Amino acid sequence: MTAAKIPAACAPWVRTRLRTAPGISAALAVLVFLTAFLAAAFPRSVDAYEAKALRHDVSTASPGQSVLEVTTPPPSLADPRPAREQALREETLAAIDRALVKGLPAPVRADLPRSSYGVHTSKPIVAQEAWLPRPDAMPAKLFYAAPSALREHSRLAEGGWPVAHGEVTAATREVEAAVTEETAAELKMKVGSTLSVPTQGGRSLTVRITGLVTPLQPKSGYWAVDPLYRAPSLVADPGSRTPVFFWQGTLLLAPDTGPALLETAGEPELYWRVAPDPSGLTANDVPRLRDAVASLENGPELLKLRELAGPNTTLTTDLDAILDAYTSMRAAISPVVTVAAVGIGAVAAVVLLMTGGLIGARRHGELALLRSRGGSLRGIGGRLLAETAVSVLPAAALGLLLAVLLIGEARWWPAVVGAASVALLVCVALPLRTTLYHRRPLLHGAREDVVNAKPSRRRTVAELTLLVLAIGAVAALRRRGTATGSGADLLVSSAPVLVGLIAALVLVRLYPLPLRLAARPVARLRGAVGFLSLARAGRTGASATLPLLALLIALTTAAFGGSVLAGVADARGAAALRAVGADARISGENVGLTAVPDSLVRSVRAMDGVEDVAAVRIEYSVPLAADLDVRGDTERATLLGVEPGSYARLARETGQPALPAGLLKAGRGQGKALPAIASPEVAKLLGDEPHTIRSEGGDITVRIAAVLPRTSAVTDSGFLIVDSAALPTRQPTTLMVTGAAADGEELRAAAQGAGQFTVRLRSEEREAFVDTPMQSGAERIYGAAVAAGAGYALLAVLLSLLQTAPERRTLLARLRTMGLTTRQGRRLLAFEAMPQALLAAFGGLLVGWTTIELLAPGVDLAALALAGGDSGSSNTASLRADLWSLAVPALGVVVLAAAVAGVQAWWASRRGSIKELRAGDTR
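Using the numbering used here, read the sequence shown as starting at 1 and increasing by one per residue.
Keep in mind that the hints were calculated from the coordinates and are not lab data.
Computed from a prediction, not measured in an experiment: that's the story for all the values here.
Errors might be hidden in some of the hints.
[Stated by the list, open to error] Straight-line C-alpha distance at most 25 Å; calculated PhoX-like pairs for lysine-lysine:
{"#": "1", "residue 1": "Lys123", "residue 2": "Lys190"}
{"#": "2", "residue 1": "Lys52", "residue 2": "Lys190"}
{"#": "3", "residue 1": "Lys52", "residue 2": "Lys219"}
{"#": "4", "residue 1": "Lys188", "residue 2": "Lys123"}
{"#": "5", "residue 1": "Lys684", "residue 2": "Lys665"}
{"#": "6", "residue 1": "Lys123", "residue 2": "Lys219"}
{"#": "7", "residue 1": "Lys123", "residue 2": "Lys102"}
{"#": "8", "residue 1": "Lys188", "residue 2": "Lys141"}
{"#": "9", "residue 1": "Lys141", "residue 2": "Lys102"}
{"#": "10", "residue 1": "Lys52", "residue 2": "Lys141"}
{"#": "11", "residue 1": "Lys219", "residue 2": "Lys188"}
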């Protein structure tokens, strides 16, 4: 007979723990959920904006750059004529097009609606028709093309579609064609016009225009790869010594009429223009895409193309140049983003460890009791692992799921690794820390104060090792910069974290000194609150290094992220100011030669939001010599005629070097030489003596009165500023408007009403510097880094205070029995929390500012701030300390510490003291 199984006498451990303390498990799950979400969202965000940037760069590039153009000459003259004609027919070209698109190597994919094929002449043919326009008495030279799908890419504006009548051969004497409306307008063509194209046999091929068409998408590859398809162009004759121009244009023949071009002198050519489809491209496809393009241009894939189209087939494209530009920007931005990722990752890890420490401290008595009654370290650690995993693993999975749902089109495994790392850290940290802490019995009442604690030799060696690493990281970043040439360098990217770590260790060592100094005078005071608070602050456990480390890294990361955003904003503002010169700029369309009427000046000055208007006359390429002495190699500069008072105010408002207006006015009527302010280059050329130059209105004599490195109206390095009242021609050509609230639409309306004047706004120029998703995506990540750093800093303060909350409640209960009032209890807890809070806030400010100053020379934000990643000398972006990102999180730490201390004192005053005063309590 089998004995019945006796049920266990106790409830399962995990279920019991979750029912006993559900709040702690829920709080831990929420923290893990948020941290796992951030860990999974970061790599997916990077993948997403890098993929969008790649697709943006390929899709917005001009078709002449991105299109893969396959060309081949017709079959050899040794082949039979029918075979040569068949190679140029529509069905043959379409079959090759299908095979070519199908055989493209991955990840190259064709965008079929934007692709085309056909036959065109590769050399222009002189058109002798007398009715064609002939500028400079030069006849027009025309191309002839028979593109596919003309009806699908254009709209018939007049006449009828060109068609092929019967089978077109090389002997065909007449074909039909269409031209765009722009071509017809410029070349005086109309429906019914005919052109005679000479052929090799001596007979002419007549091309009759049957219709005028309008492109449906003028910027698509069908029309933009060869701009002459859309509109004619005036071209300079390369063989003429003097500037002589003639017209060039293209006539669009009917489909399947390519064989008619075989006998012409235009050297017909077969072409297939394959527009790339970027919709499925990601950043990880760039190496394979570059290899595929290189193989198509000159490699094994080109041999496959020649098997399809002919032995002389070639493929040309600038898609590889687009990929190179994308790779350069990615290489410049990625290390800067990695700095933010390392900082947030470090502070998140420290906060998770602090959470584990808080939970372990709260359960110290329980675990010590289990250990004293025979509980093994393996058994205790296994139970802690089980109860931790029950709440942590689902929370991490939910964080991963939320990141995947919110951020699509990204790789899975980096997000999975990030979320799994968070779950693994939390699941391992709590059991491991607790079991190691309970390896041997602990005596009650043992205390390790910060004031009395002495660092061990091992700690000293570890701190020195970290110091060496921090110095090496900072030195490497300052010398090499964030871009190392082979991706992000983790040592360089960890520089802010290492600086914060070293600062935390130094501050912990220095922390006892101010406490000892402050305790002596406070002990002589009559009240006990001050002395007790300092004594309590000095009795904080030596484990307070971890909260301080979390705070400093969090504050440093937030400050660094805010400084990056501030540096980007400053760089864009400065670049926009250099481009415009003021908040708005009104000038003639003829590069400064159109005079601005006085009525426009008055109307602009009267507009709402306009603070001041500086009227400037700008003359470009003014010879620095008298009229009779001007030669081809004469040095030239830009002449600025200004009203000294208004232009000096403009320089002051835009942050330019101060203009000495008095020097310009001082020369009025004093001799013949006008005082001038010059750039260093022009001042060096002219010297100190009076010099005659030729202005638009005649010769003037100037003498250099001052030198300015730059000025608002022009970006040239060579300029000369004089008083416009002394010029022979005084009318201004440009208005420099200051006033951030000026209405751009109102300015444009006034400018158009006065003539052909253009308006450029500083705000619009600034927005133009953000033209790729990579820039905007990196900025969003840094904005999230600032918010996450500040949030983790506040959480670190909260966890640090919660860890000592039971001990504080016991202290207040005992002191109330000795006559401590509620108000004094609040002050005691607030004063006790202030030393550490002030240390963290002041240390965070100091470390954040120091980190930015140390790392600024090695961090170039040009690629992140400016469109195209222009890091030239005129457009640079450097890191600078941002007051708000430094001060606000630090102030939040102090405010939160005071608020939590006040809430603890208020809550303790509302509860009874029986629990805290029970006999035998060792707290």
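Here's how the hints hold up against the structure:
For a cut-off of 25 Å, the pair hint linking Lys123 to Lys190 stands: about 24 Å separates their Cα positions. For the given pair, Lys52 sits about 45 Å from Lys190 by alpha-carbon distance, which is inconsistent with the 25 Å threshold. Taken as a hint, the Lys52 and Lys219 pair is honoured in the structure, with Cα atoms around 21 Å apart against an allowance of 25 Å. Of the supplied pair hints, the one linking Lys188 and Lys123 holds, its CA atoms being roughly 22 Å apart against a limit of 25 Å.
For the suggested pair Lys684 and Lys665, the alpha carbons sit about 23 Å apart, so the restraint of at most 25 Å is met. Proximity of Lys123 to Lys219 is assessed by CA-CA distance (about 24 Å); at most 25 Å being required, the pair is judged to hold. At roughly 31 Å between alpha-carbon atoms, Lys123 and Lys102 are farther apart than 25 Å, so this suggested pair is violated. A distance of roughly 14 Å separates the Cα atoms of Lys188 and Lys141; the hinted pair therefore holds under the 25 Å criterion.
With a CA separation close to 37 Å, the supplied pair Lys141 and Lys102 exceeds the 25 Å bound. For the hint linking Lys52 to Lys141, the alpha-carbon distance of about 43 Å lies beyond 25 Å, and the restraint is violated. Restraint check: the Cα-Cα separation between Lys219 and Lys188 comes to about 24 Å, which is no more than 25 Å; the hinted pair holds.
The earlier numbered hints that this structure contradicts are 2, 7, 9, 10.
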